[in-house]
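Here the protein sequences come in this chain order: P and S.
Just so we're aligned: 204 in our numbering is position 204 of the first sequence, and the numbers increase by one with no gaps anywhere.
Just so we're aligned: 166 in our numbering is position 166 of the second sequence, and the numbers increase by one with no gaps anywhere.
Treat the hints with caution; some may be incorrect.
The list cannot tell twin chains apart, which means a pair is met if one copy fits it or any two copies do.
Subject to a maximum C-alpha distance of 27 Å in a straight line, what follows is the list of computed DSSO-like cross-link-like pairs (lysine-lysine) [unchecked claim]:
| # | residue 1 | residue 2 |
| --- | --- | --- |
| 1 | K259 | K61 |
| 2 | K260 | K61 |
| 3 | K61 | K249 |
| 4 | K260 | K249 |
| 5 | K249 | K259 |
These are computed hints drawn from the structure, not numbers from a lab.
Protein chains: 2
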Amino acid sequence: MPMQTGLRTPAPGAIARARELAEPALRAAVATLHPLPRRMAAFSFGWCEADGTPGDSPGGKGVRQAFALLGAEAAGAPVGAAVQAAVAVELVHTFSLVHDDIMDGDERRRHRDAAWKAFGTGPAVLTGDALFALAVQTVAGAGGGHAGRAVAHLAESLGELVRGQADDLLFENRPWAGPEAVGLPEYEAMAARKTGALLGCALSLGPVLAGAPAPQADALMEAGRRLGVAFQAVDDLLGIWGDPYTTGKPVHSDLLRRKKTLPVLAAVARGGGATGRELTRLLGSDVPPDAAAAQHAAALVEAAGGRDFALAEAHRHAAAAQECLRGAGLAEDAAGELAALSAYLLERRL
Amino acid sequence: MPMQTGLRTPAPGAIARARELAEPALRAAVATLHPLPRRMAAFSFGWCEADGTPGDSPGGKGVRQAFALLGAEAAGAPVGAAVQAAVAVELVHTFSLVHDDIMDGDERRRHRDAAWKAFGTGPAVLTGDALFALAVQTVAGAGGGHAGRAVAHLAESLGELVRGQADDLLFENRPWAGPEAVGLPEYEAMAARKTGALLGCALSLGPVLAGAPAPQADALMEAGRRLGVAFQAVDDLLGIWGDPYTTGKPVHSDLLRRKKTLPVLAAVARGGGATGRELTRLLGSDVPPDAAAAQHAAALVEAAGGRDFALAEAHRHAAAAQECLRGAGLAEDAAGELAALSAYLLERRL
Chain P
1 MPMQTGLRTP
11 APGAIARARE
21 LAEPALRAAV
31 ATLHPLPRRM
41 AAFSFGWCEA
51 DGTPGDSPGG
61 KGVRQAFALL
71 GAEAAGAPVG
81 AAVQAAVAVE
91 LVHTFSLVHD
101 DIMDGDERRR
111 HRDAAWKAFG
121 TGPAVLTGDA
131 LFALAVQTVA
141 GAGGGHAGRA
151 VAHLAESLGE
161 LVRGQADDLL
171 FENRPWAGPE
181 AVGLPEYEAM
191 AARKTGALLG
201 CALSLGPVLA
211 GAPAPQADAL
221 MEAGRRLGVA
231 FQAVDDLLGI
241 WGDPYTTGKP
251 VHSDLLRRKK
261 TLPVLAAVAR
271 GGGATGRELT
281 RLLGSDVPPD
291 AAAAQHAAAL
301 VEAAGGRDFA
311 LAEAHRHAAA
321 AQECLRGAGL
331 AEDAAGELAA
341 LSAYLLERRL
Chain S
1 MPMQTGLRTP
11 APGAIARARE
21 LAEPALRAAV
31 ATLHPLPRRM
41 AAFSFGWCEA
51 DGTPGDSPGG
61 KGVRQAFALL
71 GAEAAGAPVG
81 AAVQAAVAVE
91 LVHTFSLVHD
101 DIMDGDERRR
111 HRDAAWKAFG
121 TGPAVLTGDA
131 LFALAVQTVA
141 GAGGGHAGRA
151 VAHLAESLGE
161 LVRGQADDLL
171 FENRPWAGPE
181 AVGLPEYEAM
191 AARKTGALLG
201 CALSLGPVLA
211 GAPAPQADAL
221 MEAGRRLGVA
231 FQAVDDLLGI
241 WGDPYTTGKP
251 VHSDLLRRKK
261 TLPVLAAVAR
271 GGGATGRELT
281 RLLGSDVPPD
291 AAAAQHAAAL
301 VEAAGGRDFA
311 LAEAHRHAAA
321 AQECLRGAGL
331 AEDAAGELAA
341 LSAYLLERRL
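Given the sequences, and given the hints that come with them, work out the whole structure.
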């Protein structure tokens, strides 16, 4: 049965506030791009349709800019640093979505065509590159005397993100069982890089721009990594049991595509011999699973405890993130809002 | 008739010296990458074959690292800055080749498969991204107190490079004649970005890392842009009349692919009515030209003066580059070596 998305609690004010604060600067930055990547970037941000007509697509939620704003506030950074950080991480996030959809062959993104599907692979590669360069320009050009350290921090996070994507690509060719199978710690390390590095960068970039001490920046970075693992675990749950109306993807989509995700890896690794063998047979077959096979696989994953495990891991890593935040010497109000936003995002996804 | 590459004069010592100085640092930087992009990067640098066995492919000539070395020496920058600059520009150059081959659908590069052809489009996108991030990390992490300004300079050059590539992509869909045709100044502005920005960055990055005054960096940057136009003009000549043995591409390859290049645009724009109409008919036809049509087009371009024009432009922009270098307040020895290297590269290509 698809998960219920439940009644939506109103989005914490931080998301709306960050959008109000950062979006004008983000639009101004994107406006400096060459017309070709500019149009494609505007499409990817949900500001226009593929033909250039003004869009009413919601685009992303702006989670990263909200984290950038709250991270900066919590560390006492000035609003200018918060805005520069928010713009940079939204640019990097969109760069990574545009390129990831090419790498993963995903044709749909946020209920619309993926950028490469709408405009072609070549222009999508170029648009990602343009957004990447613009993000670096944004941070390198920030004032305040700490731009050099901040851009080194951004570049390191970018390297971590790319490394996570490379792990994920290699996982595809690994077997489902045996000594070469993807281990659970290895999977979570991938998620900490692929999903977590940019969240950590969002939390810490404003503070670094404002000259925050290294231990505080490190604690914010680590909080983001742990949140990344938690979010990835929830996305993996939605990839199997999510409501197609909300996810924009068919039910059991990750099983139909035989993606190696946390619930399935956990079910194979921990589900005992018979279930593991049956799952391995279903997912490792020469023939891609049909809807009935995917449904059967979902039932096996659930019976083997994979669903419960992923949910528990989401909670465990979210709690670890809160622990990092508590140790980061942050202003109490903003830190509380940060914790509330994280909890809201996890709950909302579930 | 294909151009003769002529007797090769020995490469100026600067190329060998730069390789000796920078390649260990470049290999050390690439060694820090994730195994997947590391293997693909090593292939792209010519250090190994696609299966990982040690390669004897010559790879690139290392022009950019030689310019980085000479630019730094001419501006009196320390050797450390020269090496960091050389590593960064070689990383960016290889990033741009890997992504450009995807965008242009080029299957061959330096007599081997292009990276996307050998490893797949997704992994090639990722490898470009990894090289891009590593280049930024290299400059951002450089010591000496000017890393912040240097990384801003690198990011700006990257933005210029991407903008040139975007121009080039859009040119493909423009008509050959009429008010929407690509103008000659517009074409050269594209080349100054796509080819010249990175040459300019190579010349100026070491000096910027060492705290060079802005006018000197600007003059070096502009010299690189002009050299880029000159090199592009020569590449365009080779794309039509180059010896297939040297270029690794069929004779008249740019005409077979109906690429908008300087000799052809000049022939259409300046060749007078009848020749222009005939060329437009040949290149704008619904049917791609066959070998005979490409040969006929080449003869028309030559008769209309397109070949002479491109050659004259190559010389004109190379001379302008030397003018920029003379105005940059450089050490005489190194500036002389820089001029000799530029002349050698142009002559060698022709």
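When no copy is specified for K260 and K61, does a C-alpha distance of 27 Å or less occur within a copy, between copies, both, or neither?
within (26 Å within a copy, 42 Å between copies)
Please sort K249 with K259 into within, between, both or neither, judging by C-alpha distance up to 27 Å.
within (14 Å within a copy, 40 Å between copies)
Quick one: K61 to K249, C-alpha cut-off 27 Å, is that within a copy, between copies, both, or neither?
Within one copy only: 18 Å inside a chain, 48 Å across chains, cut-off 27 Å.
Homo-oligomer pair classification [K61, K259; C-alpha up to 27 Å]:
within (25 Å within a copy, 42 Å between copies)
With identical chains treated as interchangeable, where does the CA-CA distance between K260 and K249 reach 27 Å or less: within a copy, between copies, both, or neither?
Within one copy only: 17 Å inside a chain, 42 Å across chains, cut-off 27 Å.
Every hint, counting from the list given before, is met by this structure.
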